[in-house]
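Following the hints, put chain P in place on chain X, whose structure we already have.
As you go down the protein sequences, you meet chains X and P in turn.
Residues in the first sequence are numbered from 46 upward in steps of one, following my numbering.
Residues in the second sequence are numbered from 46 upward in steps of one, following my numbering.
The hints are simulated quantities; they were obtained by calculation from the structure and are not laboratory data.
A portion of the hints provided could be inaccurate.
Repeated chains share a single entry, so a pair holds when one copy, or any two copies, can fit it.
As the list claims (entries may be wrong) - List time: in silico DSBU-like cross-link candidates among lysine-lysine, alpha-carbon distance up to 30 angstroms: (1) LYS235 / LYS129; (2) LYS241 / LYS200; (3) LYS321 / LYS307; (4) LYS297 / LYS265; (5) LYS265 / LYS185; (6) LYS241 / LYS290; (7) LYS322 / LYS96; (8) LYS77 / LYS96; (9) LYS297 / LYS223; (10) LYS322 / LYS290; (11) LYS70 / LYS307.
Here the structure is a predicted model, which means the values were calculated and not measured.
Number of protein chains: 2
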Amino acid sequence: MSFTNSKFIAIDAMGGDNAPESVIKGISRFDKNSGCHFIIFGDENKIAPYKKLIPSNVSHEFRHTDIVITSDMEVMSALRLGKKSSMGLAIQSVQSGESVAVISSGNTGLYMALAKIILKTIEGIDRPAIATLIPGRNGKSICLDLGANAESDVKNLVDFAIMGEALARSIFDKEDVKVSLMNIGSEEVKGNRLVKRTSEILKKLFDNYVGFVEGDDFNKGNVDVIVTDGFTGNIALKTMEGVAKFISCELKDTINQGFLAKLGSLIASPALLALKKKMDPRLYNGAILIGLNGIVVKSHGNSDEIGFENAVKFTLNILNRDIFNRIRDLIDKSKLHDVVESLGGEILK
Amino acid sequence: MSFTNSKFIAIDAMGGDNAPESVIKGISRFDKNSGCHFIIFGDENKIAPYKKLIPSNVSHEFRHTDIVITSDMEVMSALRLGKKSSMGLAIQSVQSGESVAVISSGNTGLYMALAKIILKTIEGIDRPAIATLIPGRNGKSICLDLGANAESDVKNLVDFAIMGEALARSIFDKEDVKVSLMNIGSEEVKGNRLVKRTSEILKKLFDNYVGFVEGDDFNKGNVDVIVTDGFTGNIALKTMEGVAKFISCELKDTINQGFLAKLGSLIASPALLALKKKMDPRLYNGAILIGLNGIVVKSHGNSDEIGFENAVKFTLNILNRDIFNRIRDLIDKSKLHDVVESLGGEILK
Chain X
46 MSFTNSKFIA IDAMGGDNAP ESVIKGISRF DKNSGCHFII FGDENKIAPY KKLIPSNVSH
106 EFRHTDIVIT SDMEVMSALR LGKKSSMGLA IQSVQSGESV AVISSGNTGL YMALAKIILK
166 TIEGIDRPAI ATLIPGRNGK SICLDLGANA ESDVKNLVDF AIMGEALARS IFDKEDVKVS
226 LMNIGSEEVK GNRLVKRTSE ILKKLFDNYV GFVEGDDFNK GNVDVIVTDG FTGNIALKTM
286 EGVAKFISCE LKDTINQGFL AKLGSLIASP ALLALKKKMD PRLYNGAILI GLNGIVVKSH
346 GNSDEIGFEN AVKFTLNILN RDIFNRIRDL IDKSKLHDVV ESLGGEILK
Chain P
46 MSFTNSKFIA IDAMGGDNAP ESVIKGISRF DKNSGCHFII FGDENKIAPY KKLIPSNVSH
106 EFRHTDIVIT SDMEVMSALR LGKKSSMGLA IQSVQSGESV AVISSGNTGL YMALAKIILK
166 TIEGIDRPAI ATLIPGRNGK SICLDLGANA ESDVKNLVDF AIMGEALARS IFDKEDVKVS
226 LMNIGSEEVK GNRLVKRTSE ILKKLFDNYV GFVEGDDFNK GNVDVIVTDG FTGNIALKTM
286 EGVAKFISCE LKDTINQGFL AKLGSLIASP ALLALKKKMD PRLYNGAILI GLNGIVVKSH
346 GNSDEIGFEN AVKFTLNILN RDIFNRIRDL IDKSKLHDVV ESLGGEILK
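Only chain X is shown next, with the shape it has when bound in the complex:
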């Protein structure tokens, strides 16, 4: 594959708890066959010890900056320094058209704020959202918003659905994606005004809107897209992490309690290891800040090299199709406007 045909991906080497080591090691797993060329932004002094870890067949280059956005930074000072930081420069590489995507493990709030300033929100979308893949029994679902917005109105939820649908078409590589809306019951009469109104619109907007789903649908994998407000979505996502941790700790306690349990788990260990591998949260690392004019991917703050590797894989998956055209199609078309008109016009307020 020639260099000019490569997908240029901008990498913030300095974000997250294990940077830059985890970042450098993570991208080292993508050789020229991946079609990637990495532009790595960060402090050359801190990156130096890890430079030699990158195999020669990984296409990459470095861009130095000693300014780093840290999690404990005030928003105002982060924004002031932002454009010169490794995170800001990486985002600008997308803005200039040099890179097709940016990946950072840095602070989500500051990343969103900087990306909004530099890339701007897609015309017609009021507020970007955070979306990620959630594993379930029958497959994965794209879920959004996971906390970019503490408050959402009907227009926001409709936007989330539009962005989620475009994202799912790209990631699952199919046209016919099932869109659903999170609620406290699956019957039409259930829920608050926000979800009832949103549901009326989604019903008319999508051919494959399947209606309301409930909390226990997150891990079923029966739908492609689960739309929720950012407050609920964030709490639900963290609840999932908490339950998984609780169960795995209790399981460990149980196994460590007796000789037979230890022996049994030892014999079953290849299978338990396979399960652990399957449920490994690092495999699901990678969230997109969607609604901006560019692919902006967030890797978990404490992700290691395997986590970062999966954030890159997630990014490559999104690049499969042009999700922006799909989003613009859905927004541009007078369809949404017509739907709103047909429902009395005031529905988005």
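Same frame as chain X, but now just chain P:
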């Protein structure tokens, strides 16, 4: 223990998927030493086959009605028939002062509606809530609201905190209970207007308000009370159920995949069984519809006899102390009013 000193508990024998069998078998586990006398409301023809299952040392009596509230009933017809139904008569037994508590596995929405009409809401509380115990690594937490209200305002959340605190003092049998508020971040600046405002009030209202908690705190057991709006709480609770089911299915798949895994799990089976027992959702069966003038306990719709037994245990735990006096204390005192005044008066809107 003399009959006159018994705690009279009104039982709806007809609610839930496994009624009346699971109900009859569940209460059969409480002999006279429990201090309980059960008044069992339901259809004598349907109860007859199970009557002989009740040991003679279980203090009980039957009250016949052939009217049953079913889940598929319209709200209006449920309310019309309600007072003559097994559920309605059981609630009235609390209203008349005959029983100290009522337990039903019937439809939650209809149960709440009937209980509101018959028992009325506690003066000063705008809306009742659903509360239950959630297991965690370091203990259990009382969590509310879990879905009685699809929309909540600041006053509702403050009421939930007051009721949750009173409930926790009773169930955990201590004065010094830690109250927390569910949010999408633990920093003070995080969250929507609703939780920020509520937090300001709770800070002044309780000595032991610990501030915001996040989704992964549900299963930590570090706080005694977790306050949340009913929309978020319901979705989080069902998310927990979904994750637990997902993990246990994946674990089963893994064990069934290979000979060694099967052998290992066979050897470890006493320990795995102990874990299964510890995580058994039936052990956490029992939710209270709190905010009404009486103890109204909901047992899960598909609970079996062990589930129903635990709903009775949960009820007996609540009866330890007089939670109503505590709730009235917190509301009656001008404290709440003063707090609101000090914050500008308009905060509850």
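Okay, the hints, checked on the actual structure:
1. LYS235 / LYS129: between (49 angstroms within a copy, 27 angstroms between copies)
2. LYS241 / LYS200: both (13 angstroms within a copy, 23 angstroms between copies)
3. LYS321 / LYS307: Both: 17 angstroms inside a copy, 17 angstroms across copies.
4. LYS297 / LYS265: Answer is both: 25 angstroms inside a copy and 16 angstroms across each meet the 30 angstroms cutoff.
5. LYS265 / LYS185: Both ways: LYS265 and LYS185 sit 8 angstroms apart in one copy and 27 angstroms across, limit 30 angstroms.
6. LYS241 / LYS290: So LYS241 and LYS290 pass the 30 angstroms test across copies only (28 angstroms; inside, 34 angstroms).
7. LYS322 / LYS96: within (29 angstroms within a copy, 51 angstroms between copies)
8. LYS77 / LYS96: For LYS77 and LYS96, the Cα distance is within 30 angstroms only inside one copy (17 angstroms; across copies 76 angstroms).
9. LYS297 / LYS223: between (37 angstroms within a copy, 28 angstroms between copies)
10. LYS322 / LYS290: both (14 angstroms within a copy, 18 angstroms between copies)
11. LYS70 / LYS307: neither (34 angstroms within a copy, 37 angstroms between copies)
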